[in-house]
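So the protein sequences, as listed, match chains A and B. Residue 1 is where the first sequence starts when you use our numbering, and the numbers rise one by one after that. Residue 99 is where the second sequence starts when you use our numbering, and the numbers rise one by one after that.
These aren't lab readings, by the way, just hints derived from the structure by calculation. Take these hints with a grain of salt, some might be off.
Covered stretches of chain B, going by a simulated chain A footprint (3 or more residues, C-beta under 8 Å) [claimed, not checked]:
(1) 141-152
(2) 162-171
Derived lysine-lysine pairs resembling DSSO-like cross-links, with alpha carbons at most 30 Å apart [unchecked claim]:
(3) Lys-168/B to Lys-53/A
(4) Lys-94/A to Lys-151/B
(5) Lys-94/A to Lys-105/B
(6) Lys-34/A to Lys-132/B
(7) Lys-151/B to Lys-53/A
(8) Lys-132/B to Lys-94/A
(9) Lys-192/B to Lys-132/B
(10) Lys-7/A to Lys-105/B
(11) Lys-7/A to Lys-64/A
(12) Lys-34/A to Lys-151/B
(13) Lys-168/B to Lys-151/B
(14) Lys-34/A to Lys-192/B
(15) Lys-151/B to Lys-7/A
Note that the Cβ used here is the ideal one computed from N, Cα and C, for glycine as well.
Protein chains: 2
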Amino acid sequence: MSEFSIKDIDDVIHGRIRLGIMAYLIGAQRAPFKTIAGALDTTDGNLSVHLRKLEDAGYIAIEKSFVGRKPLTEAVLTQEGREAFVNYLDAMAKLGAG
Amino acid sequence: MSEFSIKDIDDVIHGRIRLGIMAYLIGAQRAPFKTIAGALDTTDGNLSVHLRKLEDAGYIAIEKSFVGRKPLTEAVLTQEGREAFVNYLDAMAKLGAG
Numbered sequence: 001m002s003e004f005s006i007k008d009i010d011d012v013i014h015g016r017i018r019l020g021i022m023a024y025l026i027g028a029q030r031a032p033f034k035t036i037a038g039a040l041d042t043t044d045g046n047l048s049v050h051l052r053k054l055e056d057a058g059y060i061a062i063e064k065s066f067v068g069r070k071p072l073t074e075a076v077l078t079q080e081g082r083e084a085f086v087n088y089l090d091a092m093a094k095l096g097a098g
Numbered sequence: 099m100s101e102f103s104i105k106d107i108d109d110v111i112h113g114r115i116r117l118g119i120m121a122y123l124i125g126a127q128r129a130p131f132k133t134i135a136g137a138l139d140t141t142d143g144n145l146s147v148h149l150r151k152l153e154d155a156g157y158i159a160i161e162k163s164f165v166g167r168k169p170l171t172e173a174v175l176t177q178e179g180r181e182a183f184v185n186y187l188d189a190m191a192k193l194g195a196g
């Protein structure tokens, strides 16, 4: 039965904002903080919290640089993050197998 | 880009316990309250709250009957619930399309 596969679902990814971040990065691979905040329609503070949680899990890296004198913060999907997201989607798909 | 499909995700289903209920019922179609509580390792009170929310959305029906003199409460997946769960899984799968 499929009920046990609910435990295979990665809580780090399942949260709605984090799921949005991962879905964005699986396509874009890297994106500026501001771009992600705009795409997900979230506040900077809220986004920071969730990026930190993904970073702590090793799923993304945060890279800080300068474009001229302007600081640029980017989130970059790691290989581990890509694999975790693929596994997450697999676990979700299995829920439908009943 | 996939970021907008995050809004297509059905919040009624996305909650972890409700997701477990739906995943259970997509296979079993109907199940006793106690069976679901055991499968998802949740308390009766917690399960009741989430069943109510799914019932309010029209995704399940709650049927009460007697087996001999023992009351039996069952959750039954509705056609609407089945469609909503399929749509939910479709939306999740699209997140991986990047």
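Consistency of the hints with the structure:
no.: 1; hint: 141-152; verdict: violated (count 0)
no.: 2; hint: 162-171; verdict: violated (count 0)
no.: 3; hint: Lys-168/B to Lys-53/A; verdict: violated (48 Å)
no.: 4; hint: Lys-94/A to Lys-151/B; verdict: holds (23 Å)
no.: 5; hint: Lys-94/A to Lys-105/B; verdict: holds (22 Å)
no.: 6; hint: Lys-34/A to Lys-132/B; verdict: violated (47 Å)
no.: 7; hint: Lys-151/B to Lys-53/A; verdict: holds (29 Å)
no.: 8; hint: Lys-132/B to Lys-94/A; verdict: holds (23 Å)
no.: 9; hint: Lys-192/B to Lys-132/B; verdict: violated (34 Å)
no.: 10; hint: Lys-7/A to Lys-105/B; verdict: holds (24 Å)
no.: 11; hint: Lys-7/A to Lys-64/A; verdict: violated (35 Å)
no.: 12; hint: Lys-34/A to Lys-151/B; verdict: violated (35 Å)
no.: 13; hint: Lys-168/B to Lys-151/B; verdict: holds (25 Å)
no.: 14; hint: Lys-34/A to Lys-192/B; verdict: holds (23 Å)
no.: 15; hint: Lys-151/B to Lys-7/A; verdict: holds (21 Å)
When the structure is compared with the earlier hints, violations turn up for hints 1, 2, 3, 6, 9, 11 and 12 and for no others.
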